[in-house]
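Novice: If you want the building blocks of each chain, they are given just below.
2 protein chains.
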Amino acid sequence: MGSLASPHLSRRGCGNVALLPSSCWLYYLYNHWMIQAATYFFIFLNLSLAVFEEPAVYPLPFLATSLIEVLCLLVFSVRLMHFAKVTPRNIFWKDTKNICVMVAILMSLTDLAVYGTLRIYNVRSIRWSRIVRPIFLINFAESRQIRRAFRSIRNTFPEITYVFLLFMFSVLMFSLMALKLFGERNLQTAEGLPYFTNYLEIVFDLYVLVTTANSPDVMMPAFDFSWWYALFFITYVIINTYIFMSVFLAVVYNNYRKHLKNEIRKLAYMKRRKMVEAFNLLKEEEGAEFVVREAQWKQLVKLVAPDISNSHRELLLHISDDEQKGFIDKKSFVRLADLLNIQVITLKIRRHPLGQWLPHIYNSAASQFLRGMVRHRGFVWTYDVIILINAVFIALDEESPYISYAEWVFLALYIIEILLKVYTYEPRTFFGKNQFWNWFDTLIIFAALTATILNTTLKSTTEYNSQQILDIVFILRVLRLIRIVDSIQRFRVIMNTLINIVPTMLTFGGLTLVVYYVFAIIGMELFQGKIQFFPANSNAPHALECGNPALKDSMFARAKYCKNNFNNFASSFIVLLELTVVNQWHVFANGFANVTVQPAKLYFIAFHIVMVIIIVNIFVSFILEAFFVEYSVEKSEVETAIEQKIQELGMGIQEEELQDEKLLDNMESAEHDLEGEGGTKPPAKGLVFKIASKPMFFYSPTYMLRCRLVSSIETLSWWLRSCC
Amino acid sequence: MGSLASPHLSRRGCGNVALLPSSCWLYYLYNHWMIQAATYFFIFLNLSLAVFEEPAVYPLPFLATSLIEVLCLLVFSVRLMHFAKVTPRNIFWKDTKNICVMVAILMSLTDLAVYGTLRIYNVRSIRWSRIVRPIFLINFAESRQIRRAFRSIRNTFPEITYVFLLFMFSVLMFSLMALKLFGERNLQTAEGLPYFTNYLEIVFDLYVLVTTANSPDVMMPAFDFSWWYALFFITYVIINTYIFMSVFLAVVYNNYRKHLKNEIRKLAYMKRRKMVEAFNLLKEEEGAEFVVREAQWKQLVKLVAPDISNSHRELLLHISDDEQKGFIDKKSFVRLADLLNIQVITLKIRRHPLGQWLPHIYNSAASQFLRGMVRHRGFVWTYDVIILINAVFIALDEESPYISYAEWVFLALYIIEILLKVYTYEPRTFFGKNQFWNWFDTLIIFAALTATILNTTLKSTTEYNSQQILDIVFILRVLRLIRIVDSIQRFRVIMNTLINIVPTMLTFGGLTLVVYYVFAIIGMELFQGKIQFFPANSNAPHALECGNPALKDSMFARAKYCKNNFNNFASSFIVLLELTVVNQWHVFANGFANVTVQPAKLYFIAFHIVMVIIIVNIFVSFILEAFFVEYSVEKSEVETAIEQKIQELGMGIQEEELQDEKLLDNMESAEHDLEGEGGTKPPAKGLVFKIASKPMFFYSPTYMLRCRLVSSIETLSWWLRSCC
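Quick mapping for you: the protein sequence lines, in order, are chains A and B. Here the first sequence stands for residues 1 to 724, numbered as in UniProt numbering. Here the second sequence stands for residues 1 to 724, numbered as in UniProt numbering.
There may be inaccurate statements among the hints.
Derived CB-CB ranges, DEER-like [to be verified]: (1) B/VAL392 to A/LEU231: 44 to 54 Å; (2) B/VAL392 to A/LYS266: 27 to 37 Å; (3) A/LYS331 to B/THR96: 37 to 47 Å; (4) B/PRO194 to A/ARG265: 40 to 50 Å; (5) A/TRP228 to B/ILE488: 53 to 63 Å; (6) B/VAL502 to A/ALA447: 54 to 64 Å; (7) B/ILE35 to A/ILE238: 52 to 62 Å; (8) B/VAL392 to A/TRP228: 57 to 67 Å.
For lysine to aspartate or glutamate, the following EDC-like pairs were computed, each having C-alpha atoms within a straight-line distance of at most 16 Å [what the hints assert, rightly or not]: (9) B/LYS180 to A/GLU625; (10) B/LYS180 to A/ASP471; (11) A/LYS180 to B/GLU285; (12) B/LYS258 to A/GLU625; (13) B/LYS325 to B/ASP384.
In silico contact screen, one side only, chain B against chain A (beta carbon under 7 Å); selected entries [claimed, not checked]: (14) MET177; (15) ASP224; (16) PHE474; (17) PHE491; (18) ALA559; (19) ILE574; (20) LEU624.
If you are wondering where the hints come from, they were derived from the structure by calculation, not from laboratory data. Keep in mind that this is a model prediction, so the values were computed, not measured. All residues carry an ideal CB built from backbone N, CA and C; glycine is no exception.
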C-alpha cells in the first residue's frame with residue numbers, strides 16, 4: 001500500500017477539480033527531479049556521516065558531523081511536510097512509511113542531544129540512533145524498488161522460519177550425536193585443542209560446516225581415528241548443506257516469484273483504473289460514444305513524454321487511431337500507458353556529414369574503397385588479432401623499452417580504428433544511445449591515451465612514476481581486451497543479458513547497503529579497537545597477535561587477518577563483504593569472540609542468516625528469473641501491435657539484419673540507394689523504427705516507470721483541462 | 001531414442017501376431033524381476049572390484065578379481081544377446097546403448113588380457129579399462145533415470161560452454177590485471193611466498209577465489225598494502241562468484257526444465273500411441289463404434305496391475321464405464337494408463353482384532369476411557385514433553401548411574417506408547433504402507449531396545465563395552481528425538497516433501513557414483529602412494545609431512561590432511577567428496593601437485609567443473625523444481641475424475657480431516673457409528689479411498705512406471721488374445 005502513494009496523491013490532485021492551483025504547483029515541485037536529487041543527496045550525506053564520525057576513516061570534529069546530521073534531519077522533515085501538503089490527511093497518516101520517517105527523525109534528534117550532553121560531561125555513551133539512518137533511504141517515496149525487496153523478504157519470512165527451525169533442529173540433533181560419538185575419545189584438532197567436547201562449540205562447528213567453511217578440518221580428527229566416522233560427516237553435509245540450503249533457495253525463489261506476480265497484478269489493475277479516470281476527464285461526445293480528440297491526445301503525450309521524437313508520437317497516434325478518424329476511443333486510449341512503456345528506438349538515416357560537406361572527396365573511389373574495407377568482416381577479424389597480440393604484450397615484461405614503444409603502437413592502432421569507423425558510419429548513429437560498445441571502446445581508448453600521456457609527461461619531467469596513474473593505465477589497457485567478446489555473437493547475447501540486469505542489480509546494491517550499514521554500526525560498537533593492524537616490519541608489542549595477546553596462536557593471527565577489523569566504517573564494510581563470501585568466517589567469528597566474549601559469535605551467525613541465507617538467495621532468484629525471462633522470447637500483445645504498425649508503414653528493420661550487427665551497414669546501403677539508382681524498398685522519410693531488443697524485465701525500473709507515467713498522465717490530463 | 005527400447009520391443013512382440021510363443025516367453029524372461037535383479041547384482045559386483053584390486057582396501061589376488069571380472073563380462077554378454085533375441089535386428093544395431101556395451105566388454109577383455117600377460121613378465125602397466133565399468137551401469141536398459149540425467153547434461157553442454165568460455169575470459173582478464181597491479185610490488189603471502197608474480201599461478205588462485213575457497217587469504221597481502229586494492233577483489237567476487245555462478249545455475253536449470261518438458265511430451269505421445277494399439281488388438285464391434293468388453297478389460301487390468309485391490313479395480317471400472325454399459329469405449333480405454341498411474345489408497349475400515357475376539361473387555365468403560373485418552377491431543381503433547389526431557393538426559397553425562405537407569409525408563413515409556421497406540425488403533429492400519437512415521441518409530445525403538453539389551457548383556461558378562469554397539473545405541477537414542485518434528489503440522493509438510501524426493505535423489509546418487517568412479521580410478525593412477533597417513537604417535541620418517549618431504553611446510557601437511565589420499569578406492573571416494581564440498585580444495589590441489597607435477601592441478605579443476613558446476617547445479621535444479629511442484633497444488637484432470645467418482649460413490653475422506661491427521665480417529669468413529677446409533681454418512685462396504693497426497697513429480701520413478709505399464713498393457717492385451 002505504502003508504495004502507491006503517488007496514485008493516492010494524484011487522485012486528490014485530479015479527481016477533485018476544485019483543488020487550488022497552488023497545490024498543483026506544490027505537487028510539481030515535489031516531483032521535480034532536482035528536488036528528488038537533492039533529497040537523495042542528503043540521504044547519502046546522512047549515511048556517509050559514519051565515515052567521519054568516531055571511529056572515523058577521515059575524522060571530523062563532533063560538532064561538524066552533528067551539525068550536518070541536524071541539517072539532514074531538517075531537510076527530511078521539510079520533505080515530509082511537503083509530502084503531507086500534497087497528500088490527503090487520512091492517507092498520509094495511514095502510511096506506515098511516513099510514521100517510520102517521523103519516528104526516525106525524532107529518535108535521531110533525541111539520541112544526538114543525549115549523546116552531545118553526555119559528551120560535555122565526558123560520559124561516553126553509544127550513538128545507537130545511527131542504525132536507523134538507512135530508514136530514510138528505504139522510506140522516501142522514490143526508493144520503491146528497495147521497499148519492494150524488503151516486502152518480499154517480509155513475505156518470505158514465515159515460510160523460511162519453519163524451514164530454518166527444522167534445519168536448526170537437524171543441526172542440534174547431529175551435534176548431540178557428535179557429542180556422544182566423539183566427546184569421550186580424547187581426540188585433538190589440528191591445533192591441539194580438545195575435539196568435540198562442548199555441546200555449544202559442536203553446534204557452532206557444525207553450523208560452520210553447513211557453510212562448508214571448515215569442511216575437511218572439522219572432520220579430520222574423527223576420520224583419522226576411524227574410517228567409519230567419515231560417514232557421519234558425509235550424511236551431515238548431504239542433508240544440511242546440499243538439501244537444506246537448496247530448500248532455502250527454493251523457498252526464497254518461490255516466494256519471490258509469487259510476490260512478483262501479485263505486485264504486477266496490482267500495478268496492472270491500478271494502471272487501468274487511472275487510465276480510465278484520465279479518459280473520463282478528457283472525453284468528449286462523438287456520435288454514440290465518448291472519445292478523446294487527436295489534438296488533446298497529442299498535447300497530452302507531449303506533456304507526459306516530452307523526450308520522445310515527433311515521429312515516434314506520430315507512430316503511436318497511427319496505432320491508437322487506427323482508422324484515422326481524428327479521435328481516439330476509450331480502448332485505444334487506455335492502451336497508451338503500455339504503448340509509451342515500450343522502448344521504440346527511432347533511427348534517423350542521416351547522411352554522413354562529410355558526405356554533405358565534401359561530397360567529392362567522401363564519395364571518391366579511394367574513400368569508397370576505404371569505407372568498404374572498414375565494413376568488411378575482415379576488418380573486425382584483423383582487430384581481433386591485434387587485440388590478442390596486445391594481450392601477449394601486456395603479459396610480457398614491462399621493463400623492455402621495445403614493449404613500452406609497442407604500447408604506443410597499439411594505442412595508435414585503436415585510435416585509427418575509431419576514426420575509421422566514425423569516417424565510415426554516421427557519427428551521430430555511431431554514438432547513438434543504444435550503442436553501448438561503441439561508447440565503451442571510445443571511452444576506454446581515450447582514457448588510456450590521456451593516462452598514458454599524463455604518465456609519460458610526469459615521468460619525463462619529474463622522474464617520478466605516479467603509482468596511481470600507472471595502475472589506472474594498466475587496468476584500462478586490460479579492459480580494452482574486453483572488446484574481443486563483442487565480436488562473437490553468442491558472447492554478445494550473454495553480455496547483453498548481463499548488462500540488461502545491471503539496473504535491477506542496483507536494487508540489491510541498495511538492499512546490501514542497508515544490511516551492511518546496520519551490521520557495520522553494530523560491529524563497530526562491539527569490536528572497535530579490539531584488533532589492530534601493524535605493518536609487516538612493525539616493532540609494536542604483540543604486532544603479530546594483532547595487538548591483542550588474546551589472539552596468540554589463534555588461526556586469526558596466524559592467517560594475518562589483522563587488517564580485517566571493525567576499527568572504522570570502511571574496514572567494517574570490507575569485513576562484512578568477506579563474511580558474505582562466507583569462507584573462513586568462523587576464523588573471524590572465533591577471533592572476535594576471543595578478544596571480546598564468546599556470545600559475540602552470535603553477531604556473525606546473525607549476519608550469515610540475514611545476508612547469505614536470505615539476501616544472497618534473493619539475488620540468485622533474481623538472476624535466475626532474469627535469465628528465464630531472457631530465454632523465453634515472447635512479445636507482448638502491445639509490442640506486436642506496434643511492430644505491425646511499423647511494418648505497415650514500411651519503416652521496419654528485419655530482426656535478422658539487426659542481429660548480424662549489419663544495422664549500420666544496412667542504413668548506409670539505404671543511403672546509397674537513395675543517392676544512386678534507387679533501391680527496392682527505400683524507407684519513407686529516412687526513418688526506421690525498431691523495438692528495443694527483448695521485452696524488458698517486467699520488474700525492472702522500466703516497468704516502474706509505467707506506473708509513474710500513469711499517475712502523471714492523469715494529473716496532466718486534468719491539468720490540460722483545468723490549469724491551462 | 002535409446003531409452004525407448006522396450007516400446008520398440010513390444011511393438012515386435014505384439015504388433016506381429018505371427019510371432020512364436022517362444023519369443024513371447026523369452027520376452028517375459030528378459031523382463032522378469034529376478035533376472036533384472038541379477039543383472040544389477042553383477043553390475044555392482046563389477047564396480048565393486050575396485051575395492052579389491054590394487055591399490056586395494058581389502059586385497060584379493062589378481063587371479064580372483066580377474067576371474068570375477070570375466071564372469072561379470074560374460075553375464076553382460078549373455079544379457080545383451082538375450083536382448084538382441086527379443087529385439088528386431090535393425091533396432092538393436094541402431095541403438096548406441098548396445099554398441100557402447102559391446103565396445104566396453106571388448107575393451108575390458110582386451111585390457112585384462114594385456115595386463116595379465118604383462119604381469120606374468122613383471123611389466124607394470126595401467127588397468128585403464130576400469131574407467132569404462134560405469135558404462136554398464138548407465139547403458140543397461142533399466143537405468144533410464146541415470147541415462148536421462150546424462151542426456152540432460154549433454155543437452156546443457158553447448159550453452160554452458162559459451163558461458164564457461166566467457167567466465168574463463170573474465171578470469172584471465174582479471175589475472176592479467178592482477179599481474180600488472182601486484183606483480184612487481186614484492187608482496188608476500190601469509191606463508192612468506194612471493195605474491196602474484198606468475199601468471200598461471202594467478203589464474204589458478206583467482207579460479208579458486210571463484211569457489212570462495214581461499215577467500216580472504218588471497219586478498220590479504222594486497223589489502224595490507226593498500227585499502228584500494230580490496231576493490232579489485234570485491235569487483236572480481238561480485239562478477240565471477242555471484243553473477244557467473246548464478247548464471248551457471250540459471251543455464252543448467254533452464255535446460256533441465258526444457259529437457260524435462262520434451263521428455264514428458266515424448267512419453268505422453270508414446271503412451272497414447274501404445275494405448276491405441278492395445279485398443280485395436282482388443283476391440284470388438286458394438287453398434288456403430290468399437291469397444292472393449294468389461295470382462296476383457298478386467299482381465300487386462302488384473303494382468304497389468306496384479307497388486308491393486310478388487311475394490312480399486314471396481315472403482316476404475318466405474319470411472320471408465322461411466323454409464324454402466326458393460327463395455328469401455330476408446331476414449332476411456334486410452335485413459336487407463338493414467339488411471340493406473342494415480343496412487344489410490346484403499347483404506348479398509350476394519351474392526352480392531354481385540355474388539356472381535358474380546359468384545360467385552362475391549363468395549364468396557366475402562367478400555368474406552370483408555371482409548372479416548374490415547375486419542376486425545378494431550379497424549380501427543382505429553383510424549384513431546386517426554387522427548388524433550390529425554391534430549392536433556394542424553395546431553396548429560398553418561399557416567400552417572402541414575403542417568404543410565406533413566407534410559408531404561410524412557411525406553412519403557414516409548415514401548416508403552418506404541419503398545420497403547422496399537423491397542424487403540426487397528427494394527428493393520430497403524431502399520432499401513434503409507435504410515436511412514438509409525439514404522440519409523442517402531443523400528444527405532446525396537447532397534448534401540450535390542451542394542452541396549454545386547455550392550456548391557458555384553459557389559460555384565462564380559463566386562464567389555466563394545467564401542468560399535470555403543471555408537472549405534474547413541475545414534476538410535478538421538479534419532480528417537482526426530483519424532484517431535486512429526487507433531488508440528490508445518491514441519492511434517494516439509495519433511496514429507498523431502499521424503500517424497502528421496503527416490504529421485506537416488507538417481508543423482510547414481511550419477512555421482514559414475515563421476516566419482518571415473519575420477520577415483522584416474523586419481524588412484526595419478527596419486528597412489530604419494531601421500532601416506534601415519535598415526536599421531538608414529539616414528540616413521542617424515543610422518544609429519546605425510547611421508548613425503550615435498551610436503552614440508554605445505555598447508556596440506558600443516559592442516560594434517562595426510563589421510564586424504566588416493567591410496568585406495570574408499571579413500572579416493574572420501575577425497576572426492578571433500579572436493580565436492582569445495583572448501584580447501586586448493587590445499588588438496590597444491591598438495592598433490594607438490595608431490596607429483598604442477599599440471600596435476602588440472603585434475604582438480606576438471607573435477608570442480610564436472611561435479612560442482614554441472615552436477616551439483618543439476619541437483620539444485622532438481623530440488624527447486626520438486627519444491628515448486630510441491631507448492632503448486634494443482635490436480636490433473638484424471639485425478640479430478642477419480643476423486644469425483646470416489647465422492648459420488650460416497651467413499652471419500654475429506655482432505656481437511658486427513659490433514660489434521662485425524663484419519664485414524666475418523667475411521668474409528670465411523671466404526672463406532674456402525675456399532676452404535678448409526679452415523680449420518682456411513683461409508684458403503686467399510687471402504688474408503690483417498691488419492692495419495694499431492695501429485696507425484698511427473699519425473700519421478702512413478703512417472704516412469706507409467707511408461708513401462710503401457711508397454712506391458714499392450715503386450716498383455718495381445719497375449720490375452722493370442723497366447724491364451
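Novice: Evaluate each hint against the coordinates.
Specialist: Structure-based check of all given hints:
The hinted window of 44 to 54 Å between B/VAL392 and A/LEU231 is violated, with their beta carbons roughly 27 Å apart. For B/VAL392 and A/LYS266, the hinted distance range of 27 to 37 Å is not satisfied, since their beta carbons lie about 49 Å from each other. The beta-carbon spacing between A/LYS331 and B/THR96, approximately 57 Å, falls outside the hinted interval of 37 to 47 Å. Under the hint 40 to 50 Å, the C-beta atoms of B/PRO194 and A/ARG265, about 59 Å apart, miss the expected range.
A/TRP228 and B/ILE488 have their C-beta atoms about 33 Å apart, which leaves the hinted 53 to 63 Å range violated. A beta carbon spacing of about 57 Å between B/VAL502 and A/ALA447 agrees with the range 54 to 64 Å that was offered as a hint. At about 32 Å, the beta-carbon gap between B/ILE35 and A/ILE238 misses the expected band of 52 to 62 Å. At about 28 Å, the CB distance of B/VAL392 to A/TRP228 disagrees with the hint of 57 to 67 Å.
Simply put, B/LYS180 and A/GLU625 have alpha-carbon atoms about 37 Å apart, too far for the 16 Å limit, and the pair is violated. Among the hinted pairs, B/LYS180 with A/ASP471 is consistent with the structure: their alpha-carbon atoms are about 8 Å apart, no more than 16 Å. Of the pairs offered as hints, the one joining A/LYS180 and B/GLU285 is violated, with about 73 Å between alpha carbons and a cut-off of 16 Å exceeded. This hinted pair checks out: B/LYS258 and A/GLU625 have alpha carbons roughly 15 Å apart, not beyond 16 Å.
For the given pair, B/LYS325 sits about 55 Å from B/ASP384 by alpha-carbon distance, which is inconsistent with the 16 Å threshold. Here the hint on B/MET177 is kept, as its CB sits about 5 Å from the closest CB of chain A, short of 7 Å. Checking B/ASP224 against chain A by beta carbon gives a least distance of about 5 Å; that is within 7 Å, so the hint holds. With 7 Å as the threshold, the beta carbon of B/PHE474 comes within range of chain A, its nearest partner Cβ sitting at about 4 Å, so the hint holds.
For B/PHE491, the shortest C-beta to C-beta distance to chain A is roughly 5 Å, which falls under 7 Å, so the interface hint holds. Interface restraint check: B/ALA559 against chain A, minimum CB-CB distance 6 Å, threshold 7 Å, status holds. Interface hint status for B/ILE574: upheld, as the beta-carbon distance to the closest one in chain A is roughly 5 Å, under 7 Å. For B/LEU624, the shortest C-beta to C-beta distance to chain A is roughly 5 Å, which falls under 7 Å, so the interface hint holds.
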